[in-house]
Amino acid sequence: MTARRPWWKTALGVVFTALMLFPVYWMVNVSFTKTADLRLSPPHLFPLDPTLDGYAEVLRQQLPNLGTSLLIGLGTVALTVVIAAPAAYAISLLNLRGGRTLNFVLLVAQMIPGVVMAMGFYAIYVRLGMLNSVWGLILADSTVAVPFGVLLFTAFMSGLPRELLQAARIDGANAWRTFTSVVMPLSRNSAITVALFAFLWAWSDFVFASTLARNSALKPVTLGIYSYIGNNTTQWNAIMATAVVASIPAAILLVVAQRYVAAGVTAGAVKD
Amino acid sequence: MTISAAPAVRPAPDPKPSAPRPRRAKGGGTGGSRWVAVAFAAPLLAYLLAFYAYPLIRSIDLSIHDYNVRAFVQGNAEFVGLKNYIDVISSPLFGQAAWNTVVFVFGSLIFQYVLGLALAVFFRGNFRLSGILRALFLVPWLLPLIVSGSAWAWMLNSDNGIVNSFLQAFGIGQINWLTSPDTSMLAVIIANIWLGIPFNLVILYSGLQNISGDLYEAAALDGAGPWRQFWSITFPLLRPVSAITLLLGLVYTLKVVDIIWIMTSGGPANSTTTLAIWSYREAFGTGQPDLSPAAAVGNILIVIALIFGFIYLRMQRRQEQS
Chain L
14 MTARRPWWKT ALGVVFTALM LFPVYWMVNV SFTKTADLRL SPPHLFPLDP TLDGYAEVLR
74 QQLPNLGTSL LIGLGTVALT VVIAAPAAYA ISLLNLRGGR TLNFVLLVAQ MIPGVVMAMG
134 FYAIYVRLGM LNSVWGLILA DSTVAVPFGV LLFTAFMSGL PRELLQAARI DGANAWRTFT
194 SVVMPLSRNS AITVALFAFL WAWSDFVFAS TLARNSALKP VTLGIYSYIG NNTTQWNAIM
254 ATAVVASIPA AILLVVAQRY VAAGVTAGAV KD
Chain E
763 MTISAAPAVR PAPDPKPSAP RPRRAKGGGT GGSRWVAVAF AAPLLAYLLA FYAYPLIRSI
823 DLSIHDYNVR AFVQGNAEFV GLKNYIDVIS SPLFGQAAWN TVVFVFGSLI FQYVLGLALA
883 VFFRGNFRLS GILRALFLVP WLLPLIVSGS AWAWMLNSDN GIVNSFLQAF GIGQINWLTS
943 PDTSMLAVII ANIWLGIPFN LVILYSGLQN ISGDLYEAAA LDGAGPWRQF WSITFPLLRP
1003 VSAITLLLGL VYTLKVVDII WIMTSGGPAN STTTLAIWSY REAFGTGQPD LSPAAAVGNI
1063 LIVIALIFGF IYLRMQRRQE QS
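Chains as they are written, first to last, in this note's numbering: chain L, 14 to 285; chain E, 763 to 1084.
Chain L extracted, bound-state conformation (with noise of 0.2 Å):
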């Protein structure tokens, strides 16, 4: 009987939920805490004197880091939907030869660790100069998100109604045509999970930032937390402010895209 739906399951899941999110709820609470009362045995567990200080700090340092940040996850989604797109369409519709192989590699290619990555590019972005650079940072971002991008584009365009194809084809569209006007405007649901999930990885990266832009003079956010983790210790209410600011786009993402967060993570190992 699903109509009968037990009330105390509901307090269940709302106290599991307050469990689990307590680590973030602590982080904001943290936030809003005075400097002088961060020492207190035991802590406030609620904001009852807050101060924005924290929240200031952020603005006064942090804020070109932000741009950093934002700059480099528009360029990853950017690179990563312009090289994934065209290859899922060769892949799903057009009869790639070895496009089973090349799904093989994407797979394969996956589950490389971040660490041997970022020591590759370490070795060749010294001799090209490219070390603290931006380009540099979204290159390797990319590559975390394309082999994500071809395979979620290929299962969704695999599904497209071939009839379709052959209406445009017929209608006189070329490859191109079809791919632009047709089954891009089809693979939009696909189109924005894969643009979430580039921008959130970038966004979040930390090897990368951590490797190749120790010295930049443009840091990314992530890197605006740790160097001031090392830095001042004792500031943590302004660490845990710059963490809540830097969490922005991940609440945004669950608030507007839930559905596409799900169909990303759920895209993954389990058929249908």
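Careful, some of the hints might be misleading.
What the hints assert, rightly or not - Over 10 Å on every C-beta distance to chain E, these chain L residues come out as not near it, computed from the model: (1) PRO60; (2) LEU76; (3) ASP184; (4) ALA188; (5) ARG201; (6) ILE205.
Stated by the list, open to error - What follows is a list of derived Cβ distance ranges for each label pair: (7) E:VAL842 to L:TYR38: 18 to 26 Å; (8) L:GLN179 to E:GLN1081: 28 to 36 Å; (9) L:ALA230 to E:ILE819: 43 to 51 Å; (10) E:ALA801 to L:VAL118: 13 to 21 Å; (11) L:HIS57 to E:GLY887: 18 to 26 Å; (12) E:PRO854 to L:SER171: 47 to 55 Å; (13) L:VAL147 to E:ALA801: 23 to 31 Å; (14) E:THR941 to L:PHE59: 23 to 31 Å; (15) E:ALA1031 to L:ARG201: 46 to 54 Å; (16) E:ALA833 to L:GLN179: 53 to 61 Å; (17) E:ARG1080 to L:SER171: 17 to 25 Å; (18) E:ALA986 to L:LEU72: 56 to 64 Å; (19) E:ASN888 to L:PHE59: 27 to 35 Å; (20) L:ALA91 to E:ALA981: 23 to 31 Å.
Stated by the list, open to error - Which chain E residues face chain L? A few, computed with CB under 8 Å, are given here: (21) TYR816; (22) LEU824; (23) ILE826; (24) VAL883; (25) SER892; (26) ALA897; (27) PHE899; (28) LEU900; (29) ILE908; (30) LYS1017; (31) ASP1020.
If you're looking for bench data, these hints aren't it; they were derived computationally from the structure.
Don't be surprised by glycine CBs; every beta carbon is placed ideally from N, CA and C.
Chain L is already provided as a structure; the job is to place chain E on it using the hints.
Below, chain E alone, put in the same frame as chain L:
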């Protein structure tokens, strides 16, 4: 990354490979010429060669030469064959790092899976607000790892952390979570379990959706309680999904760097140094990048990851065929 993406696996979601397509007759496709397809795929092929194959070749190249900083810029490092690998494996740290990796990976996976499964079963019965609550469970997975890592580091702080002050209320004395070699591994595993629960929950929940409700109704008619239903229906039927979730989690947990590095940097006294952390520290953790041994450790890690990766792919293919 993620990537790593996985818990700490930043478990990058991993799209399933497309099922084998029925072969279409020649020319029955959309674009006509084979070269059109190649043209569309060309950017990806060039990309994979330039930004996957080339960095990997460079990392192999690093591991079989003796690179110091000067040789690095001039490009005249001495060829040393497998010496870096032999040095790394015979180093006393190798055994410790390998053991730490095993503890970290399995400690994380078991609890992520058990808690993820318990929550998936709990959320299966649709109740009021269940959709919203389930969505909120995704939050830890979406946060940048630097954010979760620093939040946990502050919560587990010895003197001012909320965890210790909570434990004190129960009369438990101060635990030096991150600064004692006895508890540091436990601390990073706890944080990593928290990070991995959402991934396990989402995948196992969607696996549960494929189990027919009729089975449970029939079992209930036969008098089976919830506990019996779980062990006789849910768990056996979920086994393929479970295997895939665990293997994918394993591949992603092996390569975790961020969360450990942010919380402990592999210390104290190497107590949280996994193979991935060791490689990262040799290469980037100190002022002097020592890339050759780092690359050797990294390449050993690739081999381990790929072994389990291939088992995963085989298992997934078999599941799709059935």
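Right, here's what the structure says about each hint:
1. PRO60: holds, 14 Å
2. LEU76: holds, 17 Å
3. ASP184: holds, 13 Å
4. ALA188: violated, 4 Å
5. ARG201: With a cut-off of 10 Å, L:ARG201 remains clear of chain E, as the shortest Cβ separation is near 17 Å.
6. ILE205: Check passes; 14 Å lies beyond 10 Å.
7. E:VAL842 to L:TYR38: 18 to 26 Å: violated, 53 Å
8. L:GLN179 to E:GLN1081: 28 to 36 Å: The hint (28 to 36 Å, Cβ to Cβ) holds, given that L:GLN179 and E:GLN1081 are roughly 33 Å apart.
9. L:ALA230 to E:ILE819: 43 to 51 Å: Given a distance of about 31 Å, which is not inside 43 to 51 Å, the answer is violated.
10. E:ALA801 to L:VAL118: 13 to 21 Å: The hinted range 13 to 21 Å holds for E:ALA801 and L:VAL118, with Cβ atoms some 19 Å apart.
11. L:HIS57 to E:GLY887: 18 to 26 Å: violated, 37 Å
12. E:PRO854 to L:SER171: 47 to 55 Å: With Cβ atoms ~51 Å apart, the hint holds.
13. L:VAL147 to E:ALA801: 23 to 31 Å: holds, 29 Å
14. E:THR941 to L:PHE59: 23 to 31 Å: Between E:THR941 and L:PHE59, where Cβ atoms are some 28 Å apart, the hint holds.
15. E:ALA1031 to L:ARG201: 46 to 54 Å: holds, 53 Å
16. E:ALA833 to L:GLN179: 53 to 61 Å: Given a distance of about 59 Å, which is inside 53 to 61 Å, the answer is holds.
17. E:ARG1080 to L:SER171: 17 to 25 Å: holds, 20 Å
18. E:ALA986 to L:LEU72: 56 to 64 Å: With Cβ atoms ~60 Å apart, the hint holds.
19. E:ASN888 to L:PHE59: 27 to 35 Å: holds, 33 Å
20. L:ALA91 to E:ALA981: 23 to 31 Å: Violated, since L:ALA91 and E:ALA981 (Cβ atoms, about 52 Å apart) do not stay within the stated range.
21. TYR816: holds, 7 Å
22. LEU824: holds, 6 Å
23. ILE826: violated, 13 Å
24. VAL883: With Cβ-Cβ at 12 Å, over 8 Å, it is violated.
25. SER892: With Cβ-Cβ at 6 Å, under 8 Å, it holds.
26. ALA897: Status holds, d = 5 Å.
27. PHE899: holds, 6 Å
28. LEU900: holds, 6 Å
29. ILE908: Holds: closest Cβ of chain L sits about 5 Å from E:ILE908, inside 8 Å.
30. LYS1017: Check passed: Cβ of E:LYS1017 comes within 4 Å of chain L, closer than 8 Å.
31. ASP1020: holds, 5 Å
Checked against the numbered hints given earlier, this structure breaks hints 4, 7, 9, 11, 20, 23, 24; the rest are met.
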